[in-house]
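J.: As a plain string of letters, each chain reads:
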Amino acid sequence: MKVFSKIYVALMITFLYAPVAVMVFFSFNSGSSVWIFDKFSLDWYKGILFDTAMMDGLKHTLTVAVLSASIATVLGTAAAVGITALRKKVTRGFVTTVTNIPMMNADIVTGISLMLLFVFFGKLIGLSESLGFITVLVAHITFNLPYVILSVIPKLRQTDKNLHEAALDLGCTPVQAFFKVVIPSIQTGIFTGFIMSFTLSLDDFVISYFTCGHYQTLPVVIYNMTKKTVKPDVYALSTIVFLTIFVLLILYNIVQTKSEQRRNSRD
Amino acid sequence: MTKKFIALMLTAVLLFTLLSGCGYEYSADLDADLRGTYTKELSGTVLNVYNWGEYISDGSDDSIDVNREFEKLTGIHVNYTTFESNESMYSQLKSGGVSYDIVIPSDYMIERMIREDMLEKIDVGKLKNYDLIYDKYKNLFYDKNNEYSVPYSVGMVGVIYNSALIGEPEHSWKALWDEKYRDMSLNFSNPRDAFMTAQMILGQDLNSTNKKDWDAAAKLLKEGKDVLQSYVMDEIYGKMETGEAAIGPYYAGDYYTMLDNNEDLGFYYPEEGTNIFVDAVCIPKCVRNYEAAMLYIDFLLDPPIALANAEYICYASPNKSVVENEEYSFYQDEILYPGDEYEIEKAQYYHDIDPEIRKYYENLWIDLKLY
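Here the protein sequences come in this chain order: C and B. Counting along the first sequence from 1, when you hit position 173 you're at 173 in our numbering, and nothing is skipped either side. Counting along the second sequence from 1, when you hit position 58 you're at 325 in our numbering, and nothing is skipped either side.
The following block holds chain B by itself, in its conformation from the complex (with noise of 0.2 Å):
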């Protein structure tokens, strides 16, 4: 009976690697149209990976799985990893029980992590393909002199909406507080986010450091809050897919996905103006393998990948051989690429924001909430 059971579970164990194994097939003619040289220098040596959860072309769809390209190219075995927050990640890191050679994590955490002194410097120069990254995305806030991080995937937040129940609504924020649309409206259940619809309708700065605005926001949303359904994060893809719900905020690229299950959906930019959010590649300090990094992010840019990446996670590329590419799905698409003129006067960033005004907020949430 021992060994029969002990037989079954490794049976059981040797399927489940088998099929591992299989599936995935290198693309032949990849080699060609790489803009870059991968030498095999450092082969055998390991480089350890810290991503966002699915936010990497795997090879599904015959896409290009780009940790394995890597890996044939240069032989360098790559230790990929995931995480789901910017905050997870930074404990993570802080832990000190881990090291990683590339991170790649927003735009305001990467502002915290170089005041903290938690990244190396990435000399931009040597990177082959750091030409290819619009001028708009270099010499951001987090990063005034383009020495720590190399732009990866840029985002923005629009509002999603159900034309079949309630057509065309006026392109603003102040949708989400009409009383047409009452009990059909959804708001994000994250204080910063749902503070910035608020913030936008009254015009602030969303990294203020006046309590006042804070309070004014806090107030509009107040009175929000009886027309709307509900706060929501991931339950938006479910309620505005049904129809349960016909109006809610959400990140630009997301919409592809909802829209895949309900053709009636819709998406606009406000106004006012929104929130954008830049990832970046960055090498912390706790690298053990940093030419191999270098390697990494200078292959991240070339264009093929580059692409791959930009069709699998479907938000904005940074990377001009991807955007201006015509065979790309999202080429000249007014959705994730509503143009500079709205991108850059309209869009804010989120800063990493004093911790006594994050506290200040996120007690208004909280008496929000309540309320």
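Isolated chain C (complex conformation) (with noise of 0.2 Å):
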């Protein structure tokens, strides 16, 4: 049986990432086929540095994706304190059902319809253009919140309710209690929340189509190169991106577990 486990194991990860490992092979080629390897070469790689629109596109990806996690984070929690703070059952219930809704709906019905009321609210006020970098961030922080929500309130729930009022009793002020004894006891919830949102929204497409304007992010870039076929620059891009990822990842991970390692030996 353990044999048998391995070999799933293997063939899931396999499936997994034998389509980056392609992409990353073939960001190698000098040649622009993605079909034939030619010979190793790094020429798309610095061929990125002089393709002015993907470097805007990821530009904007990036400033979008870190400033929305950001907020979704900061909102995300706040409204899981308020959530878990709520007595009555049935609204908390009602709350937790209505935010959930954007994760639910389908990208496309969030994309068109955050595009009507952007569209519609501009004509409103009389702007010629509604539609850019604020409609955008908007866009990402709806469907952020949800996820950030859903990491933190699990946390809140694992912790002692009666661990602010002991920081009260202890000195604390009600702010004080909040940032020393709530938030670090749901600080892996808020983490795990923000890595989410960071990495919904740097490879979110359909609803950022939807709602960017001139302010186009890398997917949708990409998405755009389809009269021409795609450039292997594309795929260097990609695998530089997901490179960094993997690395934030591992770093945050190893982070983690030292600190926790500090926290256990402390005790």
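What the hints contain is simulated information worked out from the structure, not anything from laboratory work. Note that the Cβ used here is the ideal one computed from N, Cα and C, for glycine as well. Don't take each hint at face value.
Unchecked claim - To give an idea of the chain B side of the interface with chain C (calculated C-beta under 10 Å), a few residues: (1) Ile323; (2) Ser330; (3) Tyr347; (4) Gln359; (5) Val365; (6) Met500; (7) Asn529.
Make one complex out of these two single chains by using the hints.
T.: Below, the structure is given as structure tokens:
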């Protein structure tokens, strides 16, 4: 049985990472083909620097991802704290469901309805152009929020409800108690929420497509390359983005295990 | 832990922004070659440009980065965005949430946009370089009096074949129906282009409003379906380059991309005729910086800029200064420029077709796919 489970895991990993591996492999191809490997070269990596449209797209994507994930994390954490503090079970259930809807909703519905709202609102206040940086940011915050709330609420449930009161008893002001006691006890939930939002925002295409206007994010830019065929510098760029996220996650895990070890040894 | 993580994230962001800053160097001697005069009068304003993806010279391989050069010369900031099809560009403009100063649609879409009053007039008399456009691209069906558009790029469909696998086929669309190339031939996977191949064999008008013509074309496609390996779009690159398929239709300019990866590939224009398209620069009604838009159009027509774009895009140029320039890589190239005789007498444009006819052939297409 042990052999089977090992094979199963190996198969899973192969299927998950084979596409990425192929992409990384062909990003080092000197030719433009995705089918014939000519010889090793870094030309496409150099080529990225010149592709202004793509670099702009990358800049936009990263700006939106960092900002929307940060804002959603702050708002989502506050919302989660508020929701768990609701006394009535019915209201709590109701509010949770309402905040979860954007997550369940099909992207295309969210995208089109947000676009309509933005355009309608823009016309109302007399803007000649309503779609742009602000709208794509608001859209991303909207679909990120439920993920943050969803990852913070369980952490809040796990922590002792009396912790906050104990801190107050011991002389904390309510604000101090919140930042020094509540936040540290739910910080892993907050991090998970942040990382989820960041990655979701990074690879969102459908919602960005409808709401970005001039502020095209990377997935939209790449999609628009289909008149001519997609050039391998896209593979090179994707490789860099993939590796960056990969390294960040590994570092994040190392930092996390280290701090846990420290905490355990302190206990 | 929090701080470390945030620091890491920020470093990553910083690295990317650093990367994007470097790279391009302005070409110092460009100014002297330019025909038009570009002043800083409109410096500080913004110009929103909406073009096809990968459809402008961007500074790779020591070429000219057209948008940056324009910014340097005029001080106007170019906000450059891309679209992937005429239809998606059209719906973005229709949605009303965006405003553009320059759009570059294809012929039939310009026809529709003029009819729907979406385009602003362009006084071509005010463009210094307009005389560089060949007369054969003026007064075309979509803009009969040259009031709304300035040609940017031209392309034609031909047939690509692998000479190592099948030798030299007869120069006809019938090759795609030929039993000799069973399971080695490809055809377009979108109705308009696939029907075109059959319509050409039948000698029809590509914009026929007679449903019987479309029925006949569909019947011919059905007969050929069995011989065909598959209907493709972008996949043709891989199939032709690896030799998985031996013959298929595509755009002349894209043949060169495939040739780079497989030197056995050949190209011909079918004797029956083919489809030709023109993409042209227009100013939409939502324009906010009209003067800058006019300046930009003139800049695109300017010989060194038009040359750089023609080299990059690898489609035919409507600009005399490019076509007649001996230094142009495709100077007297018979594939991009097969000559007026073929181009004018054999090639046909797609017009903006009546919605009822479109619906009709789209249904025939679905029927064909299921056959």
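J.: Compare the structure with each hint and give your call.
T.: Evaluation of the provided hints:
Satisfaction of the interface hint for Ile323 of chain B is found here, the shortest Cβ-Cβ separation to chain C being roughly 8 Å, below the 10 Å cut-off. For Ser330 of chain B, the suggested interface contact is upheld, since its CB lies about 8 Å from the closest CB of chain C, less than 10 Å. Because the smallest distance between the Cβ of Tyr347 of chain B and any Cβ of chain C comes to about 6 Å, under 10 Å, the interface hint for this residue holds. Residue-level restraint check for Gln359 of chain B holds (minimum Cβ-Cβ distance to chain C is 8 Å; threshold 10 Å).
The beta carbon of Val365 of chain B comes within 5 Å of a beta carbon in chain C, closer than 10 Å, and the hint placing it at the interface holds. Taking 10 Å as the C-beta cut-off, the interface hint given for Met500 of chain B holds, the closest approach to chain C being about 8 Å. Taking 10 Å as the C-beta cut-off, the interface hint given for Asn529 of chain B holds, the closest approach to chain C being about 7 Å.
Against the hints set out earlier in the document, no violation occurs for any number.
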